[in-house]
Amino acid sequence: MSTATHKLLKGATGDWEMVIGMEIHAQVTSNAKLFSGASTAFGGEPNTHVSLVDVAMPGMLPVLNEECVRQAVRTGLGLNAKINLRSVFDRKNYFYPDLPQGYQISQYQSPVVGEGEVLVELDGGRSVTIGIERLHLEQDPGKMLHDQSPSLSFIDFNRCGVALMEIVSKPDIRDAEQAKAYVTKLRSIMRYLGTCDGDMEKGSLRADVNVSVRKPGGPLGTRCEIKNMNSITFIGQAIEFEARRQIEILEDGGKIEQETRRFDPNKGETHSMRSKEEAHDYRYFPDPDLLPLEFSQSFVEELKAGLPELPDQKKARFVADFGLSAYDASVLVAERESAVFYETVLDRLGNRARDGKMAANWVINELFGRLNKEGRDVTGSPVSSEQLATIIDLIGEGTISGKIAKDLFEIVWQEGGDPRALVESRGMKQVTDLSAIEKVVDVIIAANPDKAAQVKDKPQSLGWFVGQVMKSSGGKANPQAVNELLKSKLGI
Amino acid sequence: MTDLTSLTLAEARKGLADKTFTSLELTDAHLSAIEKARVLNAFVLETPDQARNMAREADANIARGEVGPLAGIPLGIKDLFATKGVRTTACSKILGNFVPTYESTVTSQLWRDGAVMLGKLNNDEFAMGSANETSCFGPVGNPWRREGSNTTLVPGGSSGGSASAVAALLCMGATATDTGGSIRQPAAFTATVGIKPTYGRCSRWGIVAFASSLDQAGPIARSVRDAAMLLRSMAGHDPKDTTSVDIAVPDYEAAIGKSVKGMKIGIPREYRLDGMPAEIEKLWEAGAQWLKAAGAELVEVSLPHTKYALPAYYIVAPAEASSNLARYDGVRYGLREPAKNITELYENTRASGFGAEVRRRVMIGTYVLSAGYYDAYYLRAQKVRTLIKKDFEDCFAKGVNAILTPATPSAAFGIGEKGGADPVEMYLNDIFTVTVNMAGLPGIAVPSGKDSQGLPLGLQLIGRPFEEETLFSLGEVIEQAAGRFTPARWW
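These protein sequence lines are chains B and G, in that order.
Numbered by this note's numbering, the letters in the first sequence go through residues 1 to 492 in order.
Numbered by this note's numbering, the letters in the second sequence go through residues 1 to 491 in order.
Read the hints as simulated data drawn from the structure, not as lab findings.
Positions of the beta carbon are idealized from the N, C-alpha and C atoms, including for glycine.
Hints are not guaranteed to be accurate.
[Said to hold, decoys possible] Residues of chain G placed beyond 12 Å of chain B at every Cβ, according to the derived structure:
no., residue
1, 38
2, 145
3, 236
4, 289
5, 371
[Stated by the list, open to error] Here are some, though not all, of the chain B residues that point toward chain G, as calculated from beta-carbon distances under 7 Å:
no., residue
6, 56
7, 59
8, 97
9, 98
10, 101
11, 103
12, 105
13, 215
14, 218
15, 220
16, 279
17, 285
18, 288
19, 289
[Stated by the list, open to error] 30 Å max Cα-Cα, derived DSBU-like pairs, lysine-lysine:
no., chain 1, residue 1, chain 2, residue 2
20, B, 143, G, 93
21, B, 202, B, 255
22, B, 267, B, 10
23, B, 458, B, 476
24, G, 340, B, 276
25, G, 383, B, 82
26, B, 92, G, 240
27, B, 185, B, 202
28, B, 92, G, 383
29, B, 143, G, 240
30, B, 143, G, 84
31, G, 340, B, 92
32, G, 93, B, 92
33, B, 143, G, 340
34, B, 227, G, 340
35, B, 92, G, 389
36, B, 82, B, 170
37, B, 267, B, 202
Put together the whole structure using the sequences plus the hints.
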């Protein structure tokens with residue numbers, strides 16, 4: 001499965017390989033909850049987005065929200081997965097105050113989406129394919145609030161009943177880098193599809209990570225599950241820590257106990273939550289309040305036809321149409337917003353075929369570089385796609401040089417304004433008038449007779465002359481014209 | 001004027017339409033009957049003010065000529081139905097003084113059609129029982145007594161309050177629910193008519209759930225015609241219950257008096273139990289002959305998996321119940337016992353809030369769904385259920401229109417007489433009725449005679465899915481032949 005070499009951990013007895021599987025819980029983007037009409041809006045006053053069904057009042061019944069089914073199927077299609085035309089909702093029974101029914105409605109033996117796979121890009125142009133075991137729909141529980149009273153816990157049921165997609169990977173992930181890249185890729189796909197906003201800070205995307213270690217290629221070890229990770233960085237840290245913890249135990253002659261653990265981000269450590277013996281017996285059985293979920297192949301086909309272009313397809317198109325490097329293309333498509341920005345720039349370019357690749361360089365190096373430096377994201381960019389397209393047009397047409405363009409970008413970033421007008425009003429236009437450049441060239445040569453004499457023997461010192469001319473023209477001289485004039489005047 | 005409480009619903013409807021009496025008079029007559037019959041413990045909550053207000057409103061509507069199908073008819077409501085602003089407890093301590101902010105679909109349809117609510121009726125706790133002895137409000141008395149005896153008998157269960165109140169003329173009809181026989185068995189014990197419609201015919205929304213795949217609402221009434229009138233208002237598709245079925249509700253009353261000539265009536269040989277009282281056997285034969293005399297054809301049929309129905313039922317129903325009752329945890333509403341931590345809160349609340357029979361079924365249900373036992377119990381029981389359903393389908397495929405059986409294996413028994421040592425003794429009451437729930441079919445119990453001690457006995461007719469009309473037509477034939485039975489007032 002893996003085409004990339006992965007990281008092995010060194011132990012006293014040699015190398016160890018990590019085997020990692022993940023369960024991602026992704027909140028479905030929908031207006032209403034999975035089985036009730038209550039709003040899914042985030043951040044409302046506690047217990048204001050709650051229906052009678054959500055808090056399990058006596059006699060209340062769930063009614064499936066079809067939009068959530070569509071979102072799950074769309075996500076399944078985005079994961080190249082098998083869509084099951086018949087699936088079943090089961091009850092997962094356990095007691096917890098944030099679970100009003102005393103059971104979570106989930107899908108156990110018959111999930112709505114079956115096996116699929118995801119291509120995950122890694123650094124250095126490597127990639128790995130991670131298998132998807134299944135995707136199913138289930139209810140999110142409410143949220144316990146332990147900081148409202150010294151003696152009591154409070155519960156906010158706003159989140160209770162919101163639809164989650166649980167996406168279970170096969171144990172194909174081999175190190176922390178792959179795990180992080182996998183989550184990033186899933187999030188990207190779902191954002192493209194608009195099926196999950198992927199906001200880990202708000203808890204829209206959480207991951208349970210199963211980690212075990214083994215000698216490379218050896219039999220699988222016993223796994224531990226790290227619950228409820230809500231940061232990609234922490235996922236990486238937790239995997240590294242957990243794998244090393246397990247290796248240490250095994251090398252000391254110990255045994256790994258299958259258990260559920262939690263990650264403490266402050267200490268960078270995982271801690272035991274409960275052992276296998278303490279694990280719940282969920283007593284799954286088909287929910288008798290709901291009929292099996294059945295839909296036709298044409299329902300699936302219709303959703304498929306309406307899917308947007310996904311990152312892998314977009315990347316291939318950028319490479320083919322604009323000659324981008326695979327790396328640049330994957331940087332641009334990694335986030336839907338980045339791709340949208342780039343494509344809007346493309347749309348506004350005067351000559352897309354000529355300047356498409358340059359636009360990619362500008363978006364990645366100048367814009368993303370600057371945004372990263374200031375910790376902003378592309379949706380809040382002070383330079384709009386229209387402004388950036390104009391700057392690139394100005395370069396492409398030869399109105400300004402690349403160097404001047406950087407100054408112009410800075411002005412637009414700081415002050416805003418129409419780049420074309422700015423070039424005009426601030427006299428930034430590239431000088432292409434040969435006689436004007438010639439005058440400057442003559443002055444520089446006349447002022448530096450020694451260097452002019454040397455340049456025939458040391459052609460590399462031509463660069464010094466170019467620099468002097470550019471400097472004295474305020475960077476506006478056309479570099480190509482300067483080069484040619486200097487060469488002819490200096491006789492090289 | 002004759003005693004207004006002795007009218008049938010159909011007669012009262014005519015009286016109201018003709019303005020012979022008002023709904024308020026009719027309602028007051030019943031309220032006063034309820035007051036005098038408190039010893040029966042049929043009502044757990046009387047709502048006289050609400051009843052009179054609804055009656056006045058009905059009278060005003062009738063005066064304006066807006067006569068709903070049940071305009072001004074006073075009814076009792078099983079305490080399993082959520083009634084907006086009116087305490088709803090399922091007769092369990094764990095719901096405490098729970099007052100819903102919502103009205104069940106079935107009851108809201110009754111009010112839509114003009115009916116008047118007299119109050120909430122007693123039932124077995126969470127509808128778990130066959131004698132109405134498990135209610136936290138105490139047992140219900142059956143208006144019927146053995147001849148020459150003062151022993152108070154059970155009205156059957158779980159809809160014991162509904163059956164007792166209808167038989168004692170405390171309300172013109174009542175809502176009830178049936179998971180394994182909870183409408184038909186008490187109807188048989190009290191000489192009332194009870195129909196459990198096809199699964200999916202009535203919305204379950206707003207009815208406290210016992211076993212979701214088996215629960216159905218239906219009426220208990222004084223006559224077959226009354227039951228037809230009530231079911232018409234109660235039934236119908238409800239988008240809030242995805243298991244309710246979107247089929248138009250027919251005018252059930254129109255089936256009353258329709259010829260049953262040429263109908264094929266199946267007599268299932270497996271329902272002939274060893275040790276069944278001769279009186280029941282005799283009654284069954286009499287019922288068959290009445291139908292034959294009306295032109296129906298009798299055929300012996302086989303339902304080979306009948307003997308597995310009760311054991312399978314006592315796996316499926318508790319399994320669903322154990323999950324359905326998990327919401328009563330002391331966290332959001334109802335009873336909450338003091339505790340030091342959340343586990344203690346659950347344990348203390350549920351231990352004190354649930355009665356013994358409910359605790360027993362929750363434990364059975366939890367056990368049969370547990371890892372390692374699921375396949376052997378729950379899954380197997382579901383397979384049996386499929387076979388039971390197939391038995392009936394095979395039978396109907398051969399042209400059988402309805403199946404005639406006894407409703408119960410015995411007449412009503414004394415309070416505390418059964419199930420004390422062995423709960424199975426009580427469970428056997430449902431032997432003729434559970435198959436119908438397992439197969440999701442409609443079943444009606446019609447009073448058909450009395451035993452040697454003067455206690456009423458009933459016959460059951462089982463129909464094809466959504467063919468309740470056939471049951472009303474056949475039921476009325478039995479009713480006409482057997483006559484109506486009213487208990488002598490002792491309360």
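Verification of the hints:
| no. | hint | result |
| --- | --- | --- |
| 1 | 38 | holds (26 Å) |
| 2 | 145 | holds (35 Å) |
| 3 | 236 | holds (15 Å) |
| 4 | 289 | holds (40 Å) |
| 5 | 371 | violated (5 Å) |
| 6 | 56 | holds (4 Å) |
| 7 | 59 | holds (4 Å) |
| 8 | 97 | holds (5 Å) |
| 9 | 98 | violated (9 Å) |
| 10 | 101 | holds (5 Å) |
| 11 | 103 | holds (6 Å) |
| 12 | 105 | violated (11 Å) |
| 13 | 215 | violated (32 Å) |
| 14 | 218 | violated (30 Å) |
| 15 | 220 | violated (22 Å) |
| 16 | 279 | violated (10 Å) |
| 17 | 285 | holds (6 Å) |
| 18 | 288 | holds (4 Å) |
| 19 | 289 | holds (5 Å) |
| 20 | B:143 x G:93 | holds (28 Å) |
| 21 | B:202 x B:255 | violated (37 Å) |
| 22 | B:267 x B:10 | holds (22 Å) |
| 23 | B:458 x B:476 | holds (26 Å) |
| 24 | G:340 x B:276 | holds (26 Å) |
| 25 | G:383 x B:82 | holds (29 Å) |
| 26 | B:92 x G:240 | holds (22 Å) |
| 27 | B:185 x B:202 | holds (19 Å) |
| 28 | B:92 x G:383 | holds (21 Å) |
| 29 | B:143 x G:240 | holds (26 Å) |
| 30 | B:143 x G:84 | holds (29 Å) |
| 31 | G:340 x B:92 | holds (26 Å) |
| 32 | G:93 x B:92 | holds (26 Å) |
| 33 | B:143 x G:340 | holds (21 Å) |
| 34 | B:227 x G:340 | holds (27 Å) |
| 35 | B:92 x G:389 | holds (27 Å) |
| 36 | B:82 x B:170 | holds (15 Å) |
| 37 | B:267 x B:202 | holds (22 Å) |
The structure fails to meet hints 5, 9, 12, 13, 14, 15, 16, 21 from the earlier list, while all remaining hints are met.
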